[in-house]
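On the provided structure of chain H, position chain D with the ligand as indicated by the hints.
Those protein sequence lines, which keep their order, are chains H and D. When the count follows my numbering, it moves up by one through the first sequence with no breaks and lands on 578 for the last residue. When the count follows my numbering, it moves up by one through the second sequence with no breaks and lands on 176 for the last residue.
Some hints here could point you the wrong way.
Stated by the list, open to error - Derived pair list, reagent style DSSO-like, types lysine-lysine, alpha-carbon separation capped at 30 Å:
id: 1; chain 1: H; residue 1: K201; chain 2: H; residue 2: K55
id: 2; chain 1: H; residue 1: K330; chain 2: D; residue 2: K95
id: 3; chain 1: D; residue 1: K123; chain 2: H; residue 2: K167
id: 4; chain 1: H; residue 1: K330; chain 2: H; residue 2: K375
id: 5; chain 1: D; residue 1: K63; chain 2: H; residue 2: K201
id: 6; chain 1: D; residue 1: K97; chain 2: D; residue 2: K5
id: 7; chain 1: H; residue 1: K330; chain 2: D; residue 2: K5
id: 8; chain 1: H; residue 1: K201; chain 2: D; residue 2: K95
id: 9; chain 1: H; residue 1: K167; chain 2: D; residue 2: K64
id: 10; chain 1: D; residue 1: K95; chain 2: D; residue 2: K123
Calculated directly from the structure, the hints in this document are not laboratory data. What you are looking at is a predicted structure, and each value in this text was computed from that prediction instead of being measured.
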Amino acid sequence: MKEIQTIQSQTKTIKTTERISGSEAIIKCLLAEGVDIIYGYPGGAIMPVYDELYKYQDDIHHVLTRHEQGATHSAQGYARISGKVGVAIATSGPGATNLITGIADAQIDSTPMVCITGQVGSHLLGSDAFQETDIVGISTPVTKWNHQITKASEIPEVFAKAFYIAKSGRPGPVLIDITKDAQFEEFDYSYEKCTGIRSYKPVPETDITTLETAADLINTAKKPMVVWGQGVILGEAENEFKAVIEKAGLPSAWTILGASAIPTSHPLNVGMVGMHGNYAPNVLTNECDVLIAIGMRFDDRVTGNLATYAKQAKIIHFEIDPAEVDKNVKTDVAVLGDAKTSLKALLPLLNENSHTEWHQKFKDLYQIEFDKVIKNDLYPTKEGLTMGEVLKEINIQTKGEAAIVSDVGQHQMIACRYADFNVSKSNITSGGLGTMGFALPAAIGAKMAAPEREVVMIAGDGGYQMTIQELGTLFQQRVPVKIVVLNNEFLGMVRQWQQLFFDKRYASTEMVNPDFVAIAKGYHIDAKKVTQRDDLKSAVTEMIDCQGPYFLEVCVEKEDNVFPMIPTGASVSDIRLE
Amino acid sequence: MSIEKNLYTVSIYTENNIGLLNRISAIFQRRHINIESLNTSVSEIEGVSKFTILVRMHEEQIKKIIGQIEKQVEVIKAYYHSEEDTIYQESCLFKIKSDLLFDERQIQNIIKESNARIVTVNKEFFVLEKSGRTQEIELLYRELSAFGIMQFTRSGRIAVTKDEMKISTMLKTFQH
Ligand SMILES: Cc1ncc(C[n+]2csc(CCOP(=O)(O)OP(=O)(O)O)c2C)c(N)n1
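Extracted from the complex, chain H is given alone in its bound form (with noise of 0.2 Å):
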């Protein structure tokens, strides 16, 4: 804790102090970070925070979820469509384990995330004593940074720092562990914003002359692509971003995290790269001449075999993360820094231009792709429903306005391919760990961070099983959030891949479910079940129209195949249309 000390000995501010117990203290400590809401699960080694959050509940909103888990993805969503921190907390022990798998989603999509978990007595650590874990040890390798207070004394400090790490620079989990003594302990409670951490250092700084260098490829391309990552998005630097392009005329597509942060409809959008990506830039990136990476880290879903990923082009990475900078991709130009102040540095250095003859070559494969793939999935005229038609008529009627929140398969690939993302923060899902689960008690964080947006979630019957038990939390909280079950009565995304690459054996793919409507209806919940496709519009409209929360299920064809499809191991230029 030395250089908060520094800090703190620097600004030379008369602090007021005040005595409370270290559980009260926790609470001010996130009443001082701007905390309204915080998801989670009560349990022994956490319980004098809950005592204190039943006296703070007029000013700290806690969100019972039915699962520590549930909790974590709530905490994710809330943060991905605000930007601001998101607030998890459980007891020790289980109620912490049950937290990893949505620390380890927040740490490789970068989501800023504080959890808080209670731990046994101090003087119990390393007994084996009942409930106890080493949580510190057990998330280690999947946060940003975690810590273990043992002494009242260390909570204002140590709460300061973790919101100032989860959220500068690259964004990303922390967990504080907390004994239990330490949160009956009193002490002299004073809080101070954390502003630096000598040995962490956020944001790197930009070289100018590497700025110039990209600017003077840029000039000179003749074929330049964008690929754009969650970096634009977390950079907030989305105008900056729109400006560099159209200035340049830059055919510009994106990575999953990346969708939103332009319009679906902008005409340099060319679409979205990685395995179930769009032809087009798939195809394009083994063709540009410069390409123009832009805070994404060419993760092999996007970059396919790296052998033979953009040979032929320069390549140029604006990236925050020094770490990123030829992991996977060697770059010609590292533009370190965020994406906002060098996009802004970037604009007046580059020439306008319009690329015209290049931009068609993206127009004619996107024709290709529409014959052979988006026709048959947005107007089909075989009789199954597909998923496609159903993003398309929710696109329709939320105008391209709402945020979707998608869970992991074959739909997930669906809603990012095909809804129309009119806003920035609008594509919720589980990118970098697939985590399968993760939209139900997402869309409930984002709908309670912003309840002036839509929010639709979409899910498969397998995913929205496994995190079902949320409907619990949607019903006591009134969240009106929109779900829509694609239900094709598989593992799609497995069963695909072993209808493809397994000769059809569909080992434990199928799913023999439940009467998902009277599921929801058991938590009162309005729901329906479409099984037709003239049923669709109509049901799309009450699910919108509805004030509270609706579920939907959409029965759709149940051996679909999602297409584009980049093999693994094979070049993204090799992509697949059947």
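Only chain D with the ligand this time, still in chain H's reference frame:
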């Protein structure tokens, strides 16, 4: 990419923190990299600790690892150095039966030639200490094992670099 794996000395300057060893070793473990030796100690700067880790790997790979290490909040700076860039020592202790010291003239010669030092002698055993480069210690081990070694232990490598490290100035610029 160079095909050859080299021995690298990784020096990490850090804040004092209980969990940091775990965090740092996890970075190597994830990539199945065996740590040849590891030493933690205070550094030349008050309140700053230093890890010295010896690993055998490709340069491409070590660069990425350094990035992952530096990313940790409590890591001030990490470096990697080749053998030629550092001046290093390892240290070891041998516990040997005291009889041998008197019965085997050879042993006394070995001790003298190797610049090893007798730390303690009693009726049953004596303890020999030797600091030096890896090969020197290995040689001494081979020579003494012919006579029987009761216990042997060797320290992690400690190293300083030939070039300056500028941690203090870096810390000043970090200060807010
Ligand atoms: C927690 C977890 N377990 C397993 C998987 C592997 N997995 C990826 S997609 C998928 C199938 C998803 O099925 P469903 O939720 O019905 O969606 P669909 O693909 O049918 O749209 C599975 C099992 C995963 N991503 N997450």
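Structure-based check of all given hints:
1. H:K201 to H:K55: violated (38 Å)
2. H:K330 to D:K95: violated (51 Å)
3. D:K123 to H:K167: Given pair K123 (chain D), K167 (chain H) is violated - Cα atoms ~64 Å apart, limit 30 Å.
4. H:K330 to H:K375: Roughly 37 Å separates the two Cα atoms, so the pair is violated.
5. D:K63 to H:K201: Distance ~19 Å between K63 (chain D) and K201 (chain H) Cα, so the pair holds.
6. D:K97 to D:K5: Judged against 30 Å, a Cα distance of about 39 Å means the pair is violated.
7. H:K330 to D:K5: Roughly 20 Å between the alpha carbons, so the hint for K330 (chain H) and K5 (chain D) holds.
8. H:K201 to D:K95: violated (48 Å)
9. H:K167 to D:K64: holds (24 Å)
10. D:K95 to D:K123: Holds: K95 (chain D) and K123 (chain D) sit about 12 Å apart, inside 30 Å.
Figure legend: structure checked against the earlier numbered hints; hints not met, in rising order: 1, 2, 3, 4, 6, 8.
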